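For the protein sequence lines, the chains are Y and G, in the order given. Position 156, counted from 1, in the first sequence is what this note's numbering calls 156; the numbers after and before it change by one each time, with no gaps. Position 59, counted from 1, in the second sequence is what this note's numbering calls 59; the numbers after and before it change by one each time, with no gaps.
Hints were generated in silico from the structure; no laboratory data involved. Note that the structure is predicted; figures quoted are calculated from it, not measured. Every residue, glycine too, gets a C-beta built ideally from N, C-alpha and C. It is possible that part of the hints are untrue.
Partial selection, computed: residues in chain G whose CB lies under 10 angstroms from chain Y [claimed, not checked]:
id	residue
1	ALA19
2	GLU35
3	ALA48
4	LYS90
5	LEU94
Beyond 12 angstroms from chain G on every Cβ pair, some chain Y residues (computed) [to be verified]:
id	residue
6	TYR54
7	PHE55
8	ASP61
9	LEU94
10	GLY176
11	LYS178
12	GLY182
13	LEU232
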Amino acid sequence: MAQPGIHMQGPEPYGAHGPRQQYFSPYSWNGGTVLAIAGEDYAVLACDARLSEYFSILSRDSPKRYKLTDMTVLGCCGFHGDVLTLTKMLDARLKNYKHEHNKTMSCKSIAAMLSTVLYYRRFFPYYTYNILAGLDEEGKGCVYSFDPIGSYEREVYRAGGSASALLQPLLDNQIGMKNMQGVQRLPVPKEKAVALVKDVFISAAERDIYTGDQIIINVITKDGIHEEQFPLRRD
Amino acid sequence: TTLAFKWQHGVIVAVDSRATAGSYIASQTVKKVIEINPYLLGTMAGGAADCSFWERVLAEQCRIYELRNKERISVAAASKLLANIVYNYKGMGLSMGTMIVGWDKRGPGLYYVDSDGTRLSNNMFSVGSGSTYAYGVLDSGYKWDMSVEEAYELGKRSIYHATHRDAYSGGVVNLYHMKETGWIKVSQTDVMDL
């Protein structure tokens with residue numbers, strides 16, 4: 001599982017390594033961050049909307065969230081080419097299922113399907129970090145996170161993408177109540193989760209060059225998917 | 001780190017729950033014991049997706065065997081199915097070090113299978129980055145005729161010591177016991193509490 005990250009102390013002198021052959025890479029890293037939290041009867045999926053390549057911003061309006069069904073949303077970031085193909089493939093599979101079984105796919109089933117779709121490309125992976133959020137068949141919030149080749153797990157909260165290492169520890173402390181003495185782990189109410197998500201993304205945009213421009217928050221409840229948008233730093 | 005050992009009362013399986021991506025801890029709550037069916041367990045070490053995908057395929061193949069032969073599959077046969085599947089991909093980069101644990105006509109069964117094509121049977125195995133630490137504790141405390149409680153304690157302590165010294169291991173210790181009637185999940189203990 002490769003974690004992207006470019007650390008540079010400034011440009012190297014030209015020709016420092018001697019002559020080097022340039023190779024074609026089928027992949028590119030387009031940035032973006034996704035975050036999801038599962039509650040008692042809701043799920044929240046938040047993402048930014050910046051599309052980058054190396055040090056350029058290609059778009060400030062490219063949200064990483066893709067609605068799959070009325071009860072499930074997929075947050076998908078990494079290499080934008082693979083994000084587009086993967087979401088098209090999933091939409092097609094969901095449509096087929098709907099026509100064959102006369103039933104919408106449940107969140108749990110979509111997660112299992114996504115795992116196999118990703119693994120079938122084991123030797124030329126979809127370079128995407130996926131987080132699926134929705135309501136399970138009992139109406140409780142659920143979040144599934146994936147690695148690029150399909151390993152997945154159901155969790156209460158997960159941050160993925162370029163600022164994941166900045167966001168995940170904060171969520172561990174605030175939602176998982178980790179490393180705190182004498183506190184009870186109470187279920188997080190929806191309003192508190194949304195407020196936390198906004199604050200946490202603002203912080204991510206401060207310190208990650210690939211995160212910024214806008215936050216888009218999807219709150220999934222039994223009444224449907226409610227979307228809110230907030231501006232973020234554009235620098 | 002994962003470990004399993006056979007003893008008078010069956011097989012103990014103990015695993016940690018940490019997954020890393022380089023030096024980043026991706027998760028502290030990974031389920032490294034895969035429940036193939038009520039009397040077969042598989043452990044996960046190496047590539048998470050490789051282990052979960054192929055052990056799921058193994059579950060399907062075991063079920064097909066049952067339907068065709070009207071009999072439960074033996075641990076030897078189940079482990080060989082998996083070993084033969086991954087052998088076809090040898091050299092292509094799969095990374096999988098798993099232990100197949102079950103109870104069949106011959107009694108408790110424990111096999112080690114990996115993505116190089118190795119398949120071995122023995123009374124005790126430990127697989128993963130902290131396996132050397134786990135072996136140390138396991139070897140010094142192991143006796144074929146331990147009581148059930150002593151065996152649970154030994155499995156837990158071995159993983160605990162591995163998590164203490166190995167940076168790539170941690171989280172919680174998941175403990176399973178394979179009996180004649182199938183497996184039971186004994187406990188889940190946070191390493192901080194041990």
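Output the numbers, in ascending order, of every earlier hint that fails for this structure. Violated hints (numbers, rising): 2, 4, 10 and 11; every other hint is consistent with the structure.
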